[in-house]
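Given chain V's structure and the hints, the job is docking chains X, U and D onto it.
Protein chains: 4
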Amino acid sequence: MIQRHILLMDGPDHKGLIYQVTRILFAHNQNIIRNDEYVSPSKYFFMRTEFEGETDIDKLMEVLKSDLPAGLNLRINPKKKKDIVLMVTKEHHCLGELLIRYAFDELDATILAVISNYNTLQPLVGKFGIPFHFISHENRSREEHEEAILRTLDIYRPEYLVLAKYMRVITPNFVDHFPDKIINIHHSFLPAFIGANPYRQAYERGVKIIGATAHFVNNDLDEGPIIAQDVKSVDHRQTASDMATLGRDTEKGVLSKALKLVFNDRVFIHGNRTIIL
Amino acid sequence: MIQRHILLMDGPDHKGLIYQVTRILFAHNQNIIRNDEYVSPSKYFFMRTEFEGETDIDKLMEVLKSDLPAGLNLRINPKKKKDIVLMVTKEHHCLGELLIRYAFDELDATILAVISNYNTLQPLVGKFGIPFHFISHENRSREEHEEAILRTLDIYRPEYLVLAKYMRVITPNFVDHFPDKIINIHHSFLPAFIGANPYRQAYERGVKIIGATAHFVNNDLDEGPIIAQDVKSVDHRQTASDMATLGRDTEKGVLSKALKLVFNDRVFIHGNRTIIL
Amino acid sequence: MIQRHILLMDGPDHKGLIYQVTRILFAHNQNIIRNDEYVSPSKYFFMRTEFEGETDIDKLMEVLKSDLPAGLNLRINPKKKKDIVLMVTKEHHCLGELLIRYAFDELDATILAVISNYNTLQPLVGKFGIPFHFISHENRSREEHEEAILRTLDIYRPEYLVLAKYMRVITPNFVDHFPDKIINIHHSFLPAFIGANPYRQAYERGVKIIGATAHFVNNDLDEGPIIAQDVKSVDHRQTASDMATLGRDTEKGVLSKALKLVFNDRVFIHGNRTIIL
Amino acid sequence: MIQRHILLMDGPDHKGLIYQVTRILFAHNQNIIRNDEYVSPSKYFFMRTEFEGETDIDKLMEVLKSDLPAGLNLRINPKKKKDIVLMVTKEHHCLGELLIRYAFDELDATILAVISNYNTLQPLVGKFGIPFHFISHENRSREEHEEAILRTLDIYRPEYLVLAKYMRVITPNFVDHFPDKIINIHHSFLPAFIGANPYRQAYERGVKIIGATAHFVNNDLDEGPIIAQDVKSVDHRQTASDMATLGRDTEKGVLSKALKLVFNDRVFIHGNRTIIL
Numbered sequence: 203m204i205q206r207h208i209l210l211m212d213g214p215d216h217k218g219l220i221y222q223v224t225r226i227l228f229a230h231n232q233n234i235i236r237n238d239e240y241v242s243p244s245k246y247f248f249m250r251t252e253f254e255g256e257t258d259i260d261k262l263m264e265v266l267k268s269d270l271p272a273g274l275n276l277r278i279n280p281k282k283k284k285d286i287v288l289m290v291t292k293e294h295h296c297l298g299e300l301l302i303r304y305a306f307d308e309l310d311a312t313i314l315a316v317i318s319n320y321n322t323l324q325p326l327v328g329k330f331g332i333p334f335h336f337i338s339h340e341n342r343s344r345e346e347h348e349e350a351i352l353r354t355l356d357i358y359r360p361e362y363l364v365l366a367k368y369m370r371v372i373t374p375n376f377v378d379h380f381p382d383k384i385i386n387i388h389h390s391f392l393p394a395f396i397g398a399n400p401y402r403q404a405y406e407r408g409v410k411i412i413g414a415t416a417h418f419v420n421n422d423l424d425e426g427p428i429i430a431q432d433v434k435s436v437d438h439r440q441t442a443s444d445m446a447t448l449g450r451d452t453e454k455g456v457l458s459k460a461l462k463l464v465f466n467d468r469v470f471i472h473g474n475r476t477i478i479l
Numbered sequence: 203m204i205q206r207h208i209l210l211m212d213g214p215d216h217k218g219l220i221y222q223v224t225r226i227l228f229a230h231n232q233n234i235i236r237n238d239e240y241v242s243p244s245k246y247f248f249m250r251t252e253f254e255g256e257t258d259i260d261k262l263m264e265v266l267k268s269d270l271p272a273g274l275n276l277r278i279n280p281k282k283k284k285d286i287v288l289m290v291t292k293e294h295h296c297l298g299e300l301l302i303r304y305a306f307d308e309l310d311a312t313i314l315a316v317i318s319n320y321n322t323l324q325p326l327v328g329k330f331g332i333p334f335h336f337i338s339h340e341n342r343s344r345e346e347h348e349e350a351i352l353r354t355l356d357i358y359r360p361e362y363l364v365l366a367k368y369m370r371v372i373t374p375n376f377v378d379h380f381p382d383k384i385i386n387i388h389h390s391f392l393p394a395f396i397g398a399n400p401y402r403q404a405y406e407r408g409v410k411i412i413g414a415t416a417h418f419v420n421n422d423l424d425e426g427p428i429i430a431q432d433v434k435s436v437d438h439r440q441t442a443s444d445m446a447t448l449g450r451d452t453e454k455g456v457l458s459k460a461l462k463l464v465f466n467d468r469v470f471i472h473g474n475r476t477i478i479l
Numbered sequence: 203m204i205q206r207h208i209l210l211m212d213g214p215d216h217k218g219l220i221y222q223v224t225r226i227l228f229a230h231n232q233n234i235i236r237n238d239e240y241v242s243p244s245k246y247f248f249m250r251t252e253f254e255g256e257t258d259i260d261k262l263m264e265v266l267k268s269d270l271p272a273g274l275n276l277r278i279n280p281k282k283k284k285d286i287v288l289m290v291t292k293e294h295h296c297l298g299e300l301l302i303r304y305a306f307d308e309l310d311a312t313i314l315a316v317i318s319n320y321n322t323l324q325p326l327v328g329k330f331g332i333p334f335h336f337i338s339h340e341n342r343s344r345e346e347h348e349e350a351i352l353r354t355l356d357i358y359r360p361e362y363l364v365l366a367k368y369m370r371v372i373t374p375n376f377v378d379h380f381p382d383k384i385i386n387i388h389h390s391f392l393p394a395f396i397g398a399n400p401y402r403q404a405y406e407r408g409v410k411i412i413g414a415t416a417h418f419v420n421n422d423l424d425e426g427p428i429i430a431q432d433v434k435s436v437d438h439r440q441t442a443s444d445m446a447t448l449g450r451d452t453e454k455g456v457l458s459k460a461l462k463l464v465f466n467d468r469v470f471i472h473g474n475r476t477i478i479l
Numbered sequence: 203m204i205q206r207h208i209l210l211m212d213g214p215d216h217k218g219l220i221y222q223v224t225r226i227l228f229a230h231n232q233n234i235i236r237n238d239e240y241v242s243p244s245k246y247f248f249m250r251t252e253f254e255g256e257t258d259i260d261k262l263m264e265v266l267k268s269d270l271p272a273g274l275n276l277r278i279n280p281k282k283k284k285d286i287v288l289m290v291t292k293e294h295h296c297l298g299e300l301l302i303r304y305a306f307d308e309l310d311a312t313i314l315a316v317i318s319n320y321n322t323l324q325p326l327v328g329k330f331g332i333p334f335h336f337i338s339h340e341n342r343s344r345e346e347h348e349e350a351i352l353r354t355l356d357i358y359r360p361e362y363l364v365l366a367k368y369m370r371v372i373t374p375n376f377v378d379h380f381p382d383k384i385i386n387i388h389h390s391f392l393p394a395f396i397g398a399n400p401y402r403q404a405y406e407r408g409v410k411i412i413g414a415t416a417h418f419v420n421n422d423l424d425e426g427p428i429i430a431q432d433v434k435s436v437d438h439r440q441t442a443s444d445m446a447t448l449g450r451d452t453e454k455g456v457l458s459k460a461l462k463l464v465f466n467d468r469v470f471i472h473g474n475r476t477i478i479l
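Protein chains in written order, with my numbering: chain V, 203 to 479; chain X, 203 to 479; chain U, 203 to 479; chain D, 203 to 479.
Looking at chain V on its own, in the form it has when it is part of the complex:
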């Protein structure tokens, strides 16, 4: 039967790279459905090729590796839903959005479980028949807490971990278990506000625009590669609480958009930037 795959390739640019890849796919009777590539000003090459046809993917990969210049990163993913686990704290807005999309098969992913350091959102998750793991951080050191979460994640082995308003700092050790596989949604403003009560800070600063940023988590929590951002206009009549409400709507929209891109294998990470093809 015909399976669709996605070839992801990045590395230093070489003359004729597209030519070689398309030649090889062509020779393996693969039909290119969509091909996108980008070469950065610093001559770094990125290509995403969606193709389908009957073939032995392992053999295809072998040929690609042997025929293409060394130093390229090559991956071939079958086109399928990603397995994910959500981590949340007490806020429902991003979680609710993802659950509704999931319930109607619009998420391009399978939510294996939801993990939270509070049980606040258990009733909501329960409505959708998804396992909810309440792993309190109380009376636990950060390391103990993360160990407990990691043990639970071991059960599910998700391809991606989505921090849908998980309000605890996570340690480098935790991040190292999921390199480039953790996605976070961050309220961030023009200018960005760090620390507690950002909407109060934004209100005090009198900003006219608030926004949100979805990004991969590296070891600098709010500083990983940005996947998507959006903003909404505000004015002086909006209180800090109005801004928080509007901010939550922005956050859920941005997170959904970012996840759609990631789950469709459209996002490359390059240094601290993302290339979206």
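Calculated directly from the structure, the hints in this document are not laboratory data.
A hint or two may mislead.
Same chains, same names: a pair is fine if it fits in one copy or spans any two.
When the alpha-carbon atoms are kept at most 25 Å apart in a straight line, the in silico SDA-like pairs for lysine to any residue are as follows [claimed, not checked]: (1) 261 with 278; (2) 245 with 230; (3) 245 with 282; (4) 283 with 241; (5) 267 with 229.
Chains X, U and D in isolation, oriented as in the chain V frame:
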């Protein structure tokens, strides 16, 4: 010396098209700077390839034509500024924007002349040392008027004709002189309003958003392929005149954006749609 | 105990109207929390005054009526959640958004029931413990179907009826039961597309922006006073189905925004326009 | 003859303030054209009242001062164009936008002169017949340079000073000459980038949105009260230079919008925030 060129290609999709084109460019020692393509759901193929190197472009074109499947549209343009003529009536906002950009070499085009059916804008154009042709429509039939304009255009032979708020309907005969080479800016709303005083209509309708559309002119004046659109929010406090002011700002921004895309050979026309690579 | 109220007033403008109203509220020991007004270019006056204090509202209303010029529309609403009924067909996106907001007390309204001409969404509504009435239109004339719906609405007597993607045309007779109390969400584009498969039409037209409009329903279904509109950018890569997905996100956001305004008594209807204070 | 005026008032809220003001205007036969007010959560009151009629404004002001509670800031401005001076360095985009608007009487202000620390933009300003003062900072201490500028400003005595991409830091001493009268346009991003080459920084950071902020200048250059902000979306294909181009378009739009608000006396400064009525 090394010249940069842009290959534009579209037609029915074939397996390995990218492969063949890149192979040929490769064989002619051309370095691909940027390559973008798109295949429509109906399997129509579009490719824009920016490349540079020393070669005989005519010979390259011959090879492309002979080696590639029949039925493809192929063009190779040198990467250079386009020669354009602007047509205006009495409104200055789009014209002023384009003149300032031109004065500081930001337009990707050379304004050869400005033609108007009124002399209202002659002083503004004069400031920038560009020929201004006042060709009144008074005491002339539409055909006579267009003939006079065409005679003037014959002097300049522009690659593109930009209707920067030219408020006269143009005839199919006129359009036929510049197939896919006339760009118009059109106020258009949500919903779109036809006919006189559109901002008054928008006000009466109580729309919360106004917008503008830049499009190619075919023989259905406000209905050609859309190149760019943008909108701005309004509320009940804005009068019809406020909306007109805001609308003009939107129009000039949308027209500038559309021209940048067209002048960089990034816009394909396909039926009544544009494909922008 | 102190109750907060909202005075809504509109009519022909008179010198000193604000003065008289504030004087009367002042004399009744009411503290004005927020006062907004607007006078249209045609000298029509609108005022929304939020106030609180201990008083007999009926007496206050009597005084307002007797002291203010004749011909003004006056209403005083207690500041409270509105009772609403939702009508849906098969699409879940707006319904899901409203249910999640309702579940977390963010809707400024109480959802008394959901009525649908299909049972598709019954499971979703069931998760939230809200009565779901499946009233099929099959084997019923339009009049019989609407009669059945009206009988059900009689049980709940909602203050507002929200058509959250209810895809049946409703008759003038039905609308007359809820004058200015029915809110609809309508996909609408730049330009607006009428009839079946609007996103397909938008795709064929090659629009660069799609949008949605929330409006009151009068007897011209997609033509009532507009409450809120929003748009999203699209490009040629988006299929009609991608546009539909993006359109649904836009629809749910616009509907939520419009409902927040209406449920907070901030929307005046004036002819075919809305004044939002 | 009938002159239109604008009353601006702010201070601690008192019961019945609107009532008293409208009563007094009413008693002086003034017709209120438009009245907007806002009371902050911390009970600080702001009101902008546009009115017209025949009266002695000084007498009216006396009555307002004597009848209204102490501690209110009261100003009455005739509704007229503001006199302004622009300060620029080498970038033309904001200047060009303002000159075109000025040339067609759309600026709500009279540009008395343009001052620059370079002569780069003299030709552009010259086209519009506006005095251009080239005051180089070379071979001058910062104090000497500012003294020279202040001497020139003394000739014009502008009501507002617009920094339309004036790229020198100005000293507290300079700012003190124009308290709340200097408006600056600042590139600022999500997150905000400080220091040299902000668009390069934004590119390196891989932001998906860039923006601009127009603000009053207090003694913390990029930190004064924000008047207007806007953003544009970008993606990985945009180079730092593309972002700079798009950023310039955003800057000129935001500055124009902010100036329109300020020149129409619609902006109150309250601490580090603006209230726009």
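Cross-check of the supplied hints:
Taking the shortest alpha-carbon separations for residue 261 and residue 278, only the intra-copy value of 12 Å comes in at or below 25 Å, while the best inter-copy value is 38 Å. When the C-alpha separation of residue 245 and residue 230 is checked against a cutoff of 25 Å, the pair qualifies only between copies, where the shortest distance is 20 Å, while the shortest distance within a copy is 28 Å. Taking the closest pair of Cα atoms, residue 245 and residue 282 come within 25 Å of each other only across two copies (23 Å); inside a single copy the shortest separation is 31 Å, beyond that limit. For the homomeric pair residue 283 and residue 241, the shortest alpha-carbon distance between copies (24 Å) is at most 25 Å, but the shortest distance inside one copy (28 Å) is not.
For a Cα distance limit of 25 Å, the shortest separation of residue 267 from residue 229 qualifies both inside one copy, at 15 Å, and across copies, at 23 Å.
When each numbered hint is compared with the structure, no violation occurs for any of them.
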